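Enquirer: In order, the protein sequences belong to chains Z, H and B.
Reminder that position 498 of the first sequence reads as 498 in the numbering used here, one-by-one numbering, no gaps.
Reminder that position 486 of the second sequence reads as 486 in the numbering used here, one-by-one numbering, no gaps.
Reminder that position 99 of the third sequence reads as 99 in the numbering used here, one-by-one numbering, no gaps.
Hints listed in this document are in silico derivations from the structure and should not be mistaken for laboratory results.
Note that the coordinates shown come from a computational prediction; the quantities given were computed from them, not determined experimentally.
Take the hints with a grain of salt, since some may be wrong.
Below, a list of computed lysine-lysine pairs in the BS3-like style, where the Cα atoms sit at most 25 Å apart [unchecked claim]: (1) Lys452/Z / Lys431/H; (2) Lys364/Z / Lys380/Z; (3) Lys380/Z / Lys452/Z; (4) Lys430/H / Lys452/Z.
To spell it out: a stretch of chain B is covered by chain Z in this simulated footprint if at least three of its residues, at any positions, have a beta carbon under 8 Å from a beta carbon of chain Z; those stretches are [unchecked claim]: (5) 18-29; (6) 39-46; (7) 59-65; (8) 85-95.
We treat Cβ as the ideally placed atom computed from N, Cα and C, and that holds for glycine.
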Amino acid sequence: MYYSNAILTLVVTPLLSAPLIYLIGRLFMRTGRAGAASNASQLASLLALAGTWKAYIDIVLQFNRSSATALRYITGSVPLQVDGLSILLAGLALTLGTLVVIYSRMYMRNEDGEEKYYAMLVAMTGAMIGLACAADLFNLWVWFEVMALTSYLLVAFYREQKASLEAGVKYLVQSAAGSSLVLLAIALVFMETGTLDLYRIGASAVGTPLMLAAGALFVAGFGVKAALVPFHTWLPDAHAQAPSGISAMLSGVVIEAGLVALLRAISALMAVTLSWGVLLMIFGALNMLVGNLIALKQTQVKRLLAFSSLSHVGYMVMGLGIALHAGTAAGATGGVFHLINHGLMKGLAFLAVGALLYALHIAKGSHNPLTISDLAGAAKRYPLATLALSIAVLGLGGLPPLAGFMSKWQILVAGVQANNRLIFYLVIFAALNSVLSLGYYAPIVNAVYRQKPSAAVLNGSSLPLSMQVPMVLLLLAVVVLGLWPGLVQWLTDPAGNAIMATFGGY
Amino acid sequence: MTQWLVLSVIFVPWLGALLLALSSDRAPRLQHLVASAFAVVTGLLSLCLLPLVTERTVVSVAAGSVFGNFTFVPDGLSVFLTVIAAVIGCLAVIFSIDYMHGEAQLGRYYSLVLLFIGSMTGMVLTSSMLLLFFFWEMMAFCSYALISFYNDDPKAVAGGMKALIMTQTGGVGLLAGALIAYSFLGTYDIQTFLAYAHRLPEFALSIMAFGFLIGAAAKSAQVPFHTWLPGAMEAPTPISALIHAATMVNAGVYLLARFYPAFAAVPGWTTAVVVVGVLSAFLGAVMAITASDLKRTLAYSTISQLGYMVYAVGVGAVYASQFHLMSHAVFKALLFLGAGAVIHAVGTRDMRQMGGLGQKMPFVRNVFIIGTLALAGLPFVNGFWSKELVLEEGLAHGPLWAYILMVLGAGLTAAYSLRMVYMVFYGTAKKEHHVHDAPAAMRTALAPLALGTLVTWLLAGWLSELLTGSLPYHLSHLHAPGTVELIVDVLTAPATLVAIVVIAAGLLAWWYRDLFASLSKAAALPAAMAGADFGFEWLNRVIVGSTLLAGSVLRLTQTGHLSWNALGIAGGAIAVLGLLVWGS
Amino acid sequence: MFNEMNVLMLGILGLFAVGLYALLAVRNLIKIVVALQILVKGAIMAFILAGKINGHMQTAQSVALTVIVADTMVAVIGLALAVQVKRRLGTLDVNELTSLRG
């Protein structure tokens, strides 16, 4: 079995490289030359990710060639499996991880402990890949925990900043509380079924009180990471205070990884209750409404984008809920398509905001937040970054010809196809929410194209190439996916089918 | 051949938009040149489509998954509107060379205009409901971005936001309709839908019909969604002429006309369309007569004239609606561009600050008067023939009360048209303006439109051939006469006489307004109501205000207290447990 | 009555109750980190109980050991943050950490 090597390489490479990246950075720091440590650790990170990419491409080829819905591989007591959903999440994590490593070159320059930053970033990417490939509940938790641990350190990276510390503390406490709930839920499932393997649990799960309690604990525990309302309260703080590359990772793929973990866990408990679909749709509606309404009144750009992530999780969850309720793959496919698109668009938005934040504040050693009024007139000096930001937020708002339009469309189609009056109302509600979201996206676009520049823009510094390249790539992806949505069908269709398959073989 | 032409009429302006978006604002002359070149080429390409009209699908690209096929059909209706969009777009761009002279951010301006032209042609040429919505939203974006072109002016920003949110809200109706059609028929193809609409369950078809009506009303600025259009007048004037008078606002009428055969049988739908049209036509005219801002007056008159078209569709006269659409597109573009020349010269939009400009701007005065004649519906310019045809069809096929209101609206239209011309070009000058007549590029754009206003009605027969030849599902609803037939028809119809008398009464009423001074007290209330937009503005403010209030209240839940956040987790877990138990 | 099962069960419930109460009511950051530890210890105890009930004690034990390792790292990071908070803000009261709101 050739693919077993590739799976192992894929999962292990980033995690094993992380300490090496740290060590290489430390070693080069001894040379005393400015920038040597950061260059070395960045290069090592890129090499590690290149190795991971190679394994990833191997797996994708193997997977596409085989007709199985999942490639399974057990090493020791750790079962791994690659299905459509794993490929999708791992691909997104790798893409954003690589772009953020490139992007961080100048953004993180002059910060203390860059080698830690890169090591943690690569480890976090690896943890998400592992999470995507986990095939038993406990391993799922372990990967989830590794991802959480690395992200705590990254969120609180500016440890001299009070706001950053505060966000880190809240994130750590809430996330750790959530993961202890998950752990209790796993214990309850183990108690009831005597196994941790997702497939075998799924085969024997029934609606006993313990299993119901476990289901609720899973939703609450993973819901903290996936930012379901009302478990979301850490998110605006953490996403706004983290370094911008990390914000892009957190919003673009970490919360989605939380969602995937949630899906994996409850897929095993599918038979426990009939209300999974309804539950997810309720969370979808709540997330959209709360995220959009609070975002309307934000003045700090990163915080605004963080709240918008809430509403986008709502769309994904809504699509998945429709799929579970109606038993059709269309909603799940739409949900995972939106997962990709949101990753790209929100990643782009945070990278662009980060570039502007860097040019207007960070390069001058200031840690002030970037407000919408700071952005006034930025287009003249930073045409690329502002174009990227505009395209990203308009795509998030669901305007064509950008990626967000197509995935929202797919979710809404699934909703109408469900042929259920309440779901139809939910579709209308979601569409109206999309309109509402333009109420806070459009003013950002208006601000950057003003003619009278703000004081911050007048004194801004220039943007390095290392920030522009990732933005251009994401920008192209967002536009191309909007014009040609079929381009990622090879990712979304198997992922949607994999979700339906794990939820009991519709 | 045809497929390349169809694609190029969409992608050539988009290519121009891309180039201009990337261009440097340090070379404004080059930007003017490139933009005009692309606009002219697009206009010519659209004309080349005229002989190639067909009901066949000429482009079909499988988009995969639930996105159906991306199809394009250049039938008569599509090509007709493509030509209007591309040709008037071309004239508006040429006009902009003078109007936008010396402005900053020309690259952004022209790229959005060209993006708009491509989106509009795409919207009318596609036969996929997904793409229809796709281009529909793109037009809304361009419209918003151009209204807010002067982003430093808070009024422009507010106007753009209002237009975006209101048309998008209406767009939800269109979205719902398209999704329903797909979920029942498995395709977004409009032709297929028109053929099989009767197979849909009645409730589904009526949701679609009313959803489309909402979408159309929002796009075409019809009551109760009309309030965004006056706010849109903050845009540069060529944009008001192109997007908010001649092309984009017609999209709603196009939508209703396109789907009329499928929805005509839905109970209550045609009545609803008639009511929307009549209310818009009448209220728009009343508001126009009280407005003092030149562009807002024209905006209200656009609402009113679009009301005539919607009304025509409602009574089943699809041909009359499109004929009036053609006349209106030409004369309203002329009026807006003429107004643009005036505003450019005097630097204000307030008609009370103008007066006596006729002597200083004879060219603009002359073309503006031609446009006004058409707006008022006086013989024998294009607006006369089309408005008479609409009214005649309304009398024949529609309810009488609607007809009476529409005729009264025509009288009011004549009155406010005369008032507008008088306040701008005649009377005593209120202020000393150093004005000049329109420069060359402006004249180049105004002259063809003035000529068109005088003669496009001769194309009536050609238009009916264009429509009857390629719209199999519309044939029974077209009532399309030839040119001679139309002339005889209109001149001999009693409805024409009635309308002319009312129009004359409207003109006289304004001319001898002093005689009615004693009535002014009685008119004060309706005038105040019109000034307040009949309460619709208030409704908008209430909706926006309560949404923002809800946002502020929800913000309070983000307290920043860790224990409160933990309570959220615990409480949420209990609620989830409750739901799971309920489902088990 | 006082057999192992019931003691374990009471232990789990007790630990979770104490942990959750502390999260909701305690203001000292170090104590909150301790509360997180208590919650996880409760979960570990649940694994042991599960192993006892279904006879897969070995799995339960290996899970417990892994959890202890992971959990310790959370505690380490939590305490490191607490140290920084004390140093930068001069307090460990989480009610003082409310600058990010709305």
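Enquirer: Now tell me, hint by hint, if it's right for this structure.
Expert: Each hint, compared with the structure:
no., hint, in the structure
1, Lys452/Z / Lys431/H, "violated, 31 Å"
2, Lys364/Z / Lys380/Z, "holds, 20 Å"
3, Lys380/Z / Lys452/Z, "holds, 10 Å"
4, Lys430/H / Lys452/Z, "violated, 33 Å"
5, 18-29, "holds (count 3)"
6, 39-46, "holds (count 6)"
7, 59-65, "holds (count 4)"
8, 85-95, "holds (count 4)"
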